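Here's the letter readout for the chains.
Protein chains: 2
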Amino acid sequence: MGFQHIEARIVAVLATPATSHFRTEPVAGLRTDLAGIIGDRHHGFTRPAGAREPWYPRGTEMRSGRQVSVVAAEELDEIARRLEIPRLEPGWIGANIVVAGVPEFTRLPWGARLVCGAGAVLVNEGDNAPCRFAGAEIGRHYPDRPGLDRQFPKAAIHLRGIVASIERAGAIAPGAVTIKIPEQKLWTGGTLI
Amino acid sequence: MGFQHIEARIVAVLATPATSHFRTEPVAGLRTDLAGIIGDRHHGFTRPAGAREPWYPRGTEMRSGRQVSVVAAEELDEIARRLEIPRLEPGWIGANIVVAGVPEFTRLPWGARLVCGAGAVLVNEGDNAPCRFAGAEIGRHYPDRPGLDRQFPKAAIHLRGIVASIERAGAIAPGAVTIKIPEQKLWTGGTLI
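Residue numbers (our numbering), protein chains in the order written: chain B, 1 to 193; chain C, 1 to 193.
So that you can see chain B by itself, here it is in the shape it has in the complex (with noise of 0.2 Å):
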């Protein structure tokens, strides 16, 4: 399979504190192992359902794909510009990984893999749908912008960044990442596009 390679950086990384809330804060750097991130919420291999799978009963234990959140750095701003907002923190709405140098980093497409200097190597799991709980956290820091709890999932479409699964174990930290793009293509159906 031939790969497309991309040079970009990572910029800031962030774990959960002591918590059962989603949100995360910067930190010097992250370990992996083939679950996830060592002491985070989102670790394990499954998971149960939630509210993002609403064809399985909520509870039934599920292959993971949300070890880890990634977004981009333009990413955020360019969400921030459109909620007419000064900044939107990545910690703010749980990110564990911020990017930046990545042209269109939510559409990359699922299967490319995030090659980490510091030694984890990550897969892409596809877009992470935006939802009001992370919108809710971004108007707590905004308390006279009432509705930035709804306004956020539609702002922020195409613009949250992906979820990804530790291929190799390592760590993660600020500095160089290479970003591996898989050969792409288009399911048609059989027809001619």
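Hints are supplied without guarantee of correctness; some may be wrong.
Pairs involving identical chains hold if they fit within one copy or between any two copies, as the list cannot separate such chains.
[As the list claims (entries may be wrong)] Only pairs whose alpha carbons sit at most 20 Å apart, straight line, appear in this in silico EDC-like list of lysine to aspartate or glutamate:
#1 Lys154 <-> Glu183
#2 Lys180 <-> Asp40
#3 Lys185 <-> Asp33
#4 Lys180 <-> Glu53
#5 Lys180 <-> Glu84
#6 Lys185 <-> Glu104
#7 Lys185 <-> Asp77
#8 Lys154 <-> Glu104
It should be emphasised that the hints constitute simulated quantities derived from the structure, not laboratory data.
Since the model is a prediction, treat every value here as computed from it, not as a measurement.
We have chain B; now place chain C onto it with these hints.
Only chain C this time, still in chain B's reference frame:
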């Protein structure tokens, strides 16, 4: 995330007999947990890196992504036609599931779900790259046709099916399967196409 649905069918399921070889043999049904097919040699959330991942030292423990091999009956027929052989049995190339009725099966996007009527749900983890070992196994059945091992990888490109992981545990058996195709996107690196 919007999904497109295709109603198709599973026409055969196959399991690895008690051997270290990759060949599979038809069975009445398969049982899965979230790490793969119970009793299969590819069962596991992780596996050692091999020839498919020359960028990792051989034997490095990595995320699997190859729990299950799924092929399409129509595509096996097309490979056989290209190789000018009477037939290509799915067990010769280690397939676990044979589907029929999905146009361009191997082109299904990463992240497509296979919702099996018998209960299991699989996630497409991408094309299964054809290799010479599978080609050699085909050649074993056509001893008067030397060179099939080398001809197979070229003839089978984008027709060799997909690898998949289990998203929801359950049974897999011949019968109905619904293919759920996620919204597709094409990363263009910021340029218009």
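Outcome of the hint check:
For a Cα distance limit of 20 Å, the shortest separation of lysine 154 from glutamate 183 across copies, 17 Å, qualifies, whereas the shortest one inside one copy, 30 Å, does not. Taking the closest pair of Cα atoms, lysine 180 and aspartate 40 never come within 20 Å of each other, the shortest separation being 25 Å inside a single copy and 30 Å across copies. For the identical chains of this complex, lysine 185 and aspartate 33 are neighbours neither inside a copy (30 Å) nor across copies (30 Å), given an alpha-carbon limit of 20 Å. Proximity of lysine 180 to glutamate 53 under the C-alpha cut-off of 20 Å is restricted to the inter-copy arrangement: shortest distance 13 Å between copies versus 29 Å within a copy.
In this assembly of identical chains, the alpha carbons of lysine 180 and glutamate 84 never lie at most 20 Å apart, being 34 Å within a copy and 36 Å across copies at closest. Proximity of lysine 185 and glutamate 104 under a CA criterion of 20 Å is satisfied in both settings, with 17 Å inside one chain copy and 11 Å between copies. Taking the shortest alpha-carbon separations for lysine 185 and aspartate 77, neither the intra-copy value of 30 Å nor the inter-copy value of 22 Å comes in at or below 20 Å. Taking identical chains as interchangeable, the C-alpha atoms of lysine 154 and glutamate 104 lie at most 20 Å apart only when both belong to the same chain, with a minimum of 17 Å there against 33 Å between chains.
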